[in-house]
Amino acid sequence: MREEKKIRVLVAKPGLDGHDRGAKVVARALRDAGMEVVYTGLHQTAEQVVEAAIQEDVDIIGLSILSGAHLTIFPRVCQLLRENNAEDIIVMGGGTIPDEDIEELISKGFARALFTPGATSAEIVGWIRKVTAEN
Amino acid sequence: MQQKIIEGIINGDRRMVARAISLIEDEASEKETILSAIFPYTGKAYCLGITGAPGAGKSSLVDQLLVLLRRQGLRVGVIAVDPTSPFTGGAILGDRIRMQEHALDKAVFIRSMGTRGNLGGLSRATKDVIQILDAFGKDVVIIETVGVGQSEVDIIKYADTTVVVLTPASGDSVQTIKAGIMEIADVFVVNKADLPGADRTVSEISMMLDLGGKKRAWRPPIVRTITLDGSGVGELHRALLDHREYLTSSGRLEKAREDRVRRDIVDLIEYKVKSTIWRQVSGSAEFELLVSRIMSRETDPYAAAVQILRSINLNGLSP
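Chains V and B, in that order, are what the protein sequence lines are. Numbering-wise, the working numbering puts 53 at position 53 of the first sequence, and it's gapless, one number per residue. Numbering-wise, the working numbering puts 1236 at position 236 of the second sequence, and it's gapless, one number per residue.
It is possible that some hints are incorrect.
One-sided and incomplete, this derived list gives chain B residues near chain V with beta-carbon spacing under 8 Å [to be verified]:
1. Arg1014
2. Arg1015
3. Thr1088
4. Gly1090
5. Ala1091
6. Gly1094
7. Arg1096
8. Ile1097
9. Ala1103
10. Leu1104
11. Lys1178
12. Arg1263
Keep in mind the hints are simulated off the structure, nothing from the lab. Virtual Cβ for every residue (Gly too), placed ideally from N, Cα, C.
Bound conformation, chain V alone (with noise of 0.2 Å):
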């Protein structure tokens, strides 16, 4: 009675701003996806990001970011991934980036792909989807 494997996906908000609002819509929406979602709160560091990723075994990663500390968070978790021999997990994000960091955080392989405001769930949905497929 195998069931099929569970897309598993953490939502984490590193760093100081408070507002968690994106990071629950976009939880609930993956949820509702039949995904599981461990949800790690707000003022979360790095470190305690990645670990809580390596032990609930996740497939995905998703930061969401809006008080502009993108371009150090990102970079310093896919450090962390791999001290922890852990760079199979897929990281991703959400939040208020500007286009040029964008571009610069996919073109170093800091983030798998990126959503800021006006994404639809339909498409973080389809894209978790199509990721952890491939994987």
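Given the coordinates of chain V, assemble chain B onto it according to the supplied hints.
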């Protein structure tokens, strides 16, 4: 891969432990091999169950107990169960939020799980995940159930000590004498004890305990806690140690674990027989024919079940 995971668990590689837990949750084909291989390394962890209504403060209590257990130098595993949606199969697993202080402590391993359709307050994988954390070298495994109502009492099947967490003003005294959740506590916690009504809740539990008549060998202590400032958590910790001492010295721990083994075997047999039968029956022409004959009242479900069972082949039971 399988071998790597097994060695990883025994050698304390938390990535492999995490991976093994997922395989068990997903009912992967590797599951039984892994669990059989690690079994010789299990049996050392003490299993603590925390249950209570949604929002009673279970996660916060676990967080604070972790502080005390870590101070004793114990390695701790936490299994935190949250409900899976019956409609989509999705879940929000949010118990970690209260435990993030321990995220970087290498001696603490926290895993969140969805119930995945299981009733009773735990997921089907919970008992196997206890084994994994045990073999991983955890001295204590804490299981936090989903927020429960009155009758989700599966936790007592696996926990050596069960803590029931209540809050003030959670009902009148009749609630305390109902069967189910109120019967399973080895220790009662009245959390949020700074709220009005805490004294009354404590005395109602106490009266319920005395209604039983015959003197019991272990009377569950009632501990007041306020997780906001940590008061009472030390007392709770002492109550847990007392209960463990009582179980050990009375021989009840050994007895309970033996009963657990007995039940585990029966459960496994049931599960294997059921899945084997279901594989042969589900969607078969005979099955569908019987369904339509029952619908037209030519036969009945009881006769149909007997007829199907006669044609079942149980040789080569499937995993």
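Sort out which numbered hints this structure fails and list those numbers smallest first.
-> Hint check: 11 and 12 fail, others pass.
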